[in-house]
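Spelled out, the chains give:
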Amino acid sequence: MRAISYWGVATSMACAVSALGLTPTYAQSTEQAQILERLDTLQAELDALKKQLAETKTQADQSKKLAEKADNRAQKAVLAADQVRPNAWHMAGYADVGIEFSDGENSDTFTSGKFNPAFHFLYKDLVLFESEFQVTTMDGGETDLELEYSQLDFLLHDNAVLVAGKFLSPVGQFQERLHPSWINRLTNAPVGFGHGGIQPLSDVGLMLRGGIPVGERLFTYSVAVGNGPRLGHDGVELEGFGRDDNSNKAISGRAAFFPIDNLEIGGSFLFAKVTAEGEEEPDDDHDDDEVLASVVADSGDLQDLPLRDYDLWGFDAAFTKGNWDIRAEYLNANLKGLGDPDDDHGDVIEPLSWEAWYAQVAYRMSGVSDSSFFQKLEPVVRYGRFTVEGDHDLEDELNEKRFNIGLNYWVSPSVVVKSAIEFRNYMASEREDDTRLQLQLSYGF
Amino acid sequence: MTRKRDFIPLMFVAATVALLGLGAALAQADKPKADPMQFARGAKAWAKNCARCHNMRSAQDNSDEEWQVDIAHMRVRANIPGDVARDIRAFLQASNN
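These protein sequence lines map, in sequence, to chains V and L. Read in order, the letters of the first sequence correspond to residues 1 to 445 in the numbering used here. Read in order, the letters of the second sequence correspond to residues 1 to 97 in the numbering used here.
Take these hints with a grain of salt, some might be off.
[As the list claims (entries may be wrong)] Capping the alpha-carbon separation at 27 Å, the derived lysine-lysine pairs in DSSO-like fashion look like this:
(1) V:LYS64 / L:LYS44
(2) V:LYS65 / L:LYS44
(3) V:LYS376 / V:LYS336
(4) V:LYS376 / L:LYS44
(5) V:LYS321 / L:LYS44
(6) L:LYS44 / V:LYS50
(7) V:LYS273 / V:LYS321
(8) L:LYS44 / V:LYS76
(9) V:LYS69 / L:LYS44
(10) L:LYS48 / V:LYS76
(11) V:LYS65 / V:LYS50
(12) V:LYS69 / L:LYS48
(13) V:LYS376 / L:LYS48
(14) V:LYS64 / V:LYS50
(15) V:LYS69 / V:LYS57
(16) V:LYS376 / V:LYS321
(17) L:LYS44 / V:LYS124
(18) V:LYS336 / V:LYS321
(19) V:LYS336 / V:LYS249
(20) V:LYS273 / V:LYS249
(21) V:LYS321 / L:LYS48
(22) V:LYS273 / V:LYS376
(23) V:LYS65 / V:LYS51
(24) V:LYS76 / V:LYS64
(25) V:LYS64 / V:LYS51
[Said to hold, decoys possible] What follows is a list of derived Cβ distance ranges for each label pair:
(26) V:LEU46 / L:ASP83: 48 to 56 Å
(27) L:ASP83 / V:ILE99: 39 to 47 Å
(28) L:ASP83 / V:LEU206: 21 to 29 Å
(29) V:LEU263 / L:ASP83: 41 to 49 Å
(30) V:THR58 / L:ASP83: 43 to 51 Å
(31) L:ASP83 / V:PRO306: 15 to 23 Å
(32) V:SER247 / L:PRO36: 40 to 48 Å
Since the hints were made in silico from the structure, they are not lab data. Using N, Cα and C, we set each Cβ at its ideal position, and we do this for glycine too.
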């Protein structure tokens, strides 16, 4: 038994010694594995850093190239400004032709359209002279030449320009900025706007205008004093007259604000006095001098003729972002009456009021399809309404609701082929409604 | 010794030289310095302002001189602040070739 015990003890000791000898070997191999794993991790991190460094270097090279390019372009811009003569000029403008089919009173017809050359002459960044003509062929074949505007612009300050001469009216947005046919999304003006409407077309006088940054936003203003409108056959004629027929000057203007980059909201006004007897129209038996002489004889002096207040106000909005072009305008005008309606013996002239508005949406199809043809298409819809109150003849002639639906094809940014269907709904019961199919080609140059 | 009658022409010449120098200095001061950021500002302002009314025209449509005048016209018509108009002009003049 004792011998067996010794052998057992010896065996146990041998096992213990072996175990003690193996333990460091096992521990060493585990540590090595961990070190190797750590090394692999470090190698991976190093590779990632090397890759990142390479990318950073590439980006730095690209940024450097971009900066050099920008610097070159900036140098070129300065050089270009140096090369421009102190007296520089530019001719721009637009022209259009068209055809119109109508199921109403008008016959189907080709329209000669308009040719509107505009000249701009600039002396340094101090004075700009600009003028635009409109050449059209009248219904009877005569050529009509009109001076749209002819103005000297004094660039007083970054935020102020003084305009003198005949200028487009700042009231609203259509007449001053949208009426050229290469800009207008449809073939004609909205009802109540343009010739024969209540939006003033132009004036002769002085205007101060400009844009003022307000933080990140922009505020714009235009304030004009001019000869103002006159009374005419169709109510108030809102064109720039070369001489004033009374000493009262019209004050008009517009202020606009951009609450966000793509949205413009504007408000407009015009206050004027018009000479009441302007409604007198010379007939075939009397020339102008005779009519004027009789009016002056009745009133004593031309300056003493009664004046009627004419007030106009309105607002407009435009949202232009990406493919969308959305606009709306509203105008309201009043011409004060004369005389006491309760006086049975005195002459009474009734007041007149006008109201016009439109809303328009256009969507450019670029990005909708891979087809280059579809990308150049632009559907557009517009609805407008024009009403007059206070004169039955004018009400019958002018009161109208108009709906347009069109499709444009933009050959280039300034060449457009327009097609549209126009539904004219006259409010006078005796007038038949009219539907027109219109085609127009316009080129802005 | 400088006599009075000699002094007057000297003063005239000095004044002329001073005025010429002042003119040259003013001309130099008026000369715009290249601003690399103007191109970027102009590109952004061109995209933001022009499309408010009409399609954006290509820079290649006009020469440097024509852009000089055209942008002045648009500055007045669209009430664009002068500094923004100059940025747009610099961008278009640098991009039209």
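Handout entry: Hints that the structure is at odds with (numbers, increasing)
Key = Violated hints (numbers, rising): 3, 6, 7, 18, 22, 29, 30, 31, 32; every other hint is consistent with the structure.
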